[in-house]
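Given the structure of chain A, go ahead and fit chain B onto it with the hints provided.
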Amino acid sequence: MADLTTTFAGIKSPNPFWLASAPPTDKEYNVRRAFEAGWGGVVWKTLGEAGPPIVNVNGPRYGVVYGADRRVLGINNIELITDRPLETNLEEITRVKKDFPDRALVASIMVPCEEAAWKAILPRVEDTGCDGIELNFGCPHGMSERGMGAAVGQVPEYIQMVTEWCKEHCDMPVIVKLTPNITDIRYPARAAHAGHADAVSLINTVSSITSVNLDTMSPEPSIDGKGSHGGFCGPAVKPMALNMVAEIARDPETADLPISGIGGVTTWRDAAEFLALGAGNVQVCTAAMVYGFGIIKELTAGLSGWMDEKGYTSVAEVSGRAVPNVTDWQYLNLNYIAKARIDQDACIKCGRCYAACEDTSHQAISMSADRTFEVIDAECVACNLCVDVCPVENCITMEELAPGVIDTRTGKPVDANYANWTTHPNNPSARAAE
Amino acid sequence: MSHSPRTPGIVSERLSPDELARNFEDLHAPYDGHEAMVAADRCYFCHDAPCITACPTTIDIPLFIRQIQTGQPEGAAKTIFDQNILGGMCARVCPTETLCEDACVREAAEGKPVEIGRLQRFATDALMAKGVHPYERAASTGKKIAVVGAGPAGLACAHRAAMLGHDVVVYDARPKPGGLNEYGIASYKTVGGFAQAEVAWLLQIGGIEMRHDQKLGSAMTLDTLTSEYDAVFLGLGLGGVNSLGADGADKDNVDDAVGFIADLRQAGDLTKLPVGRNVVVIGGGMTAVDAAVQSKLLGADDVTIVYRRGRDAMPASGFEQDLAASKGVRLVFNAQPKAVYGNGTVCEIEFEYTESGAAGLTGTGETFRLPADQAFMAIGQTLADAPDGLTLERGKIAVDGAGKTSVAKVWAGGDCATGGDDLTVTAVAEGRDAAEDIHNELMQSAG
Chain A
0 MADLTTTFAG
10 IKSPNPFWLA
20 SAPPTDKEYN
30 VRRAFEAGWG
40 GVVWKTLGEA
50 GPPIVNVNGP
60 RYGVVYGADR
70 RVLGINNIEL
80 ITDRPLETNL
90 EEITRVKKDF
100 PDRALVASIM
110 VPCEEAAWKA
120 ILPRVEDTGC
130 DGIELNFGCP
140 HGMSERGMGA
150 AVGQVPEYIQ
160 MVTEWCKEHC
170 DMPVIVKLTP
180 NITDIRYPAR
190 AAHAGHADAV
200 SLINTVSSIT
210 SVNLDTMSPE
220 PSIDGKGSHG
230 GFCGPAVKPM
240 ALNMVAEIAR
250 DPETADLPIS
260 GIGGVTTWRD
270 AAEFLALGAG
280 NVQVCTAAMV
290 YGFGIIKELT
300 AGLSGWMDEK
310 GYTSVAEVSG
320 RAVPNVTDWQ
330 YLNLNYIAKA
340 RIDQDACIKC
350 GRCYAACEDT
360 SHQAISMSAD
370 RTFEVIDAEC
380 VACNLCVDVC
390 PVENCITMEE
400 LAPGVIDTRT
410 GKPVDANYAN
420 WTTHPNNPSA
430 RAAE
Chain B
0 MSHSPRTPGI
10 VSERLSPDEL
20 ARNFEDLHAP
30 YDGHEAMVAA
40 DRCYFCHDAP
50 CITACPTTID
60 IPLFIRQIQT
70 GQPEGAAKTI
80 FDQNILGGMC
90 ARVCPTETLC
100 EDACVREAAE
110 GKPVEIGRLQ
120 RFATDALMAK
130 GVHPYERAAS
140 TGKKIAVVGA
150 GPAGLACAHR
160 AAMLGHDVVV
170 YDARPKPGGL
180 NEYGIASYKT
190 VGGFAQAEVA
200 WLLQIGGIEM
210 RHDQKLGSAM
220 TLDTLTSEYD
230 AVFLGLGLGG
240 VNSLGADGAD
250 KDNVDDAVGF
260 IADLRQAGDL
270 TKLPVGRNVV
280 VIGGGMTAVD
290 AAVQSKLLGA
300 DDVTIVYRRG
310 RDAMPASGFE
320 QDLAASKGVR
330 LVFNAQPKAV
340 YGNGTVCEIE
350 FEYTESGAAG
360 LTGTGETFRL
370 PADQAFMAIG
380 QTLADAPDGL
390 TLERGKIAVD
400 GAGKTSVAKV
410 WAGGDCATGG
420 DDLTVTAVAE
430 GRDAAEDIHN
440 ELMQSAG
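Which chain is which? The protein sequence lines are A and B, in order. For the first sequence, numbering that gives the first Met the number 0 gives the first residue as 0, with consecutive numbering after it. For the second sequence, numbering that gives the first Met the number 0 gives the first residue as 0, with consecutive numbering after it.
Chain A with its partners taken away, still in its complex shape:
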């Protein structure tokens, strides 16, 4: 069985699955249950500065997007950071870390953007014996209106500044949690790096309105007839998160910066994908909120089973495996030519491929009176839409045309040589072929 032990930003944990800073990690009771269930680490729900704790709304805090059979595809929340006194949280962190020394316990922190505020809280957190801190620069609602959370994360200079304060005023590893509510994730990541962060974690939640109540005309979740944007998370945000993780992993400026992958991790496969795109571990929240802590058994068994199958012996070995294959569009091989192929034995004759291609693509699928669907190679651009909408797995596939074969769409033979847009004759700024 593959070894799932992970060292992330100098923090050891028995597996790469941490619970993200969020409602599931708000207090000792939950965190103990998580560790007992087998979670490798926990990022404690964000601590604020000492004094009167923040308050939460007393109505619904979550909105949801469902798939079939009420399967949760995404949740948004308008909950703020911990609403319990700092002292209580620190005492609990101390006790839990003492009882679970082999688990990663990281404290998430969000205090005002003043050095004194950070200087005040950091030693108190460090005294708990926790393994590191995560700077919450991502929360998009409520706290950002007060100049914290995403308000910091959206300004790279602030990220660097606060990160530097933290590195100066404590000896714990510093993980900077990034908001996706920006245009280019590389800038905040570079700022964290410049501030000597030990790692970044991303993504935090995406600003969102999940739905509108069409009777009351209030956004959901609705508080006394009004709604505010929340932070969206869960499987629906995974594609955005994967891209942002990959962007940082392949940016030469941040290539050596450890990344904790967050955003819709629901199964071991999601985790493996984050790892492959450069994450050193993953953080989970929504899946635990939907299914409970018990999913950790599937996550660890699934990941280690897959690693065994592939011959990977450590998580580190998986991390970043796919990064070299993430490139810019302009470097994609324009001489690679594929055509859709329909397995007539597997076809159930629903005609979705036909409708999709005929109505919205390239009219490259024919339909006969007896509902036989066939690809017209002379029209097929291999867009893959038919594969995507086909309800039968592997019924429609993309077949690469071998070099030399005539592509009937263009009438030209397939060129064996790689060629991309940068040298394409249609590109006005193409470099002259030598």
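It is worth saying that the hints were derived from the structure and are not from the lab. Just so you know, not all the hints are guaranteed correct.
Below, simulated DSSO-like cross-link-like pairs (lysine-lysine); rule was C-alpha separation at most 30 Å, straight line [said to hold, decoys possible]: (1) K348/A / K77/B; (2) K175/B / K77/B; (3) K348/A / K111/B; (4) K129/B / K77/B; (5) K142/B / K395/B; (6) K143/B / K77/B.
Below, chain B without anything else, positioned relative to chain A:
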């Protein structure tokens, strides 16, 4: 309880009122809202969907399922009713396993079709529960149409004709409307007085006058109707039943299954309905299954369906055969009745095994006997008392594709007419299409 399943002879109260109530409850429980959403999510919204083609009334099934999926069950019902005003009954009684659900691509993919019938019921029930009728009549055309027969064909014709602005009078020989929906379908397929509720809902369109206990040929003739009305639609059904050719078939308690099914549907109290201890049903269609299963559910100890051909040839669907078997009915294939024995009343029936060959179905000479204190014939229904002057074909009123008969101003549809299977849904399609054809013809002559 005064009797048990093993009490000899034909008696009532073989089961307790509770057992009877349980036995005759809804065959398919209606979906609740969440079940319907899950079931609807399975629909692939096929292009030019095979289920639509398979539906005799051509309901846009993927559209109505998508409407359910998006929280518009009443809109879904409207999609159904646009094509099939008796969509509520068809949702209950259609042999979907041989129609839309057989054509469903998920049947091909995994042997589990989208449950179209139950979804249709969910939608139609939702709209009907609101007590609203979603159609309005067009401006009056001043034309009068007579519909003979208040069964599925006649009701569909009447509704469509009324909607198009014609004034309709429906004549029916029986005291209640509905035809086979009221008198001829197993009780557990349409519980809670649905047939009457559906007719009442349908009549909300207005412009339809119902006249009951009016039998064609006695209360009125086709000639008087054609002279009094601008058009006549005949939806007579098949009023006659085939009789058994075997020796002794005239003995008491050898009854027609159609009558038994009607008696059961009309019985106010099932505990008062007598049934035999040993019941033999001869036939292989839905009527045979309905009679046999209901005999069993009434408490008959031993019920056997005997069909002269093999299982594959049985007109009752595989689903119906399995239903019968699951209720404890024994299915005997490849055997034909030879003689009915008994002293005045039936006590035993002799059968001969059959085989199919070049000479058709022949007896093998090998026989067996089944004890029977009650026997039901379900060996086909026939057109009875067809008005003179109509051309018949294979025992049915000959019609063209639009339902026009050989007599001017007279259309026909449903089981009494040629074309299509003898199914409720087919009758609805034929009644509807005849109304459209009548409308076109009346409007042309008016123009």
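* Sort out whether K77/B lies within 30 Å of K175/B, counting only the CA atoms. => Given pair K175/B, K77/B holds - Cα atoms ~26 Å apart, limit 30 Å.
* Regarding the pair K348/A and K77/B, is the alpha-carbon distance no greater than 30 Å? -> 27 Å, holds
* Restraint status (C-alpha distance of K142/B to K395/B at most 30 Å) -> At roughly 28 Å apart (the allowed maximum being 30 Å), K395/B and K142/B satisfy the hint.
* Asked: Does the structure keep K129/B and K77/B at a Cα separation of 30 Å or less?
  -> At roughly 13 Å apart (the allowed maximum being 30 Å), K77/B and K129/B satisfy the hint.
* Asked: Does K348/A pair with K111/B here, judged by a C-alpha cut-off of 30 Å?
  -> Roughly 15 Å between the alpha carbons, so the hint for K348/A and K111/B holds.
* Within a Cα-Cα threshold of 30 Å, do K143/B and K77/B meet the stated pairing? -> 27 Å, holds
When the structure is compared with the earlier hints, no violation turns up for any of them.
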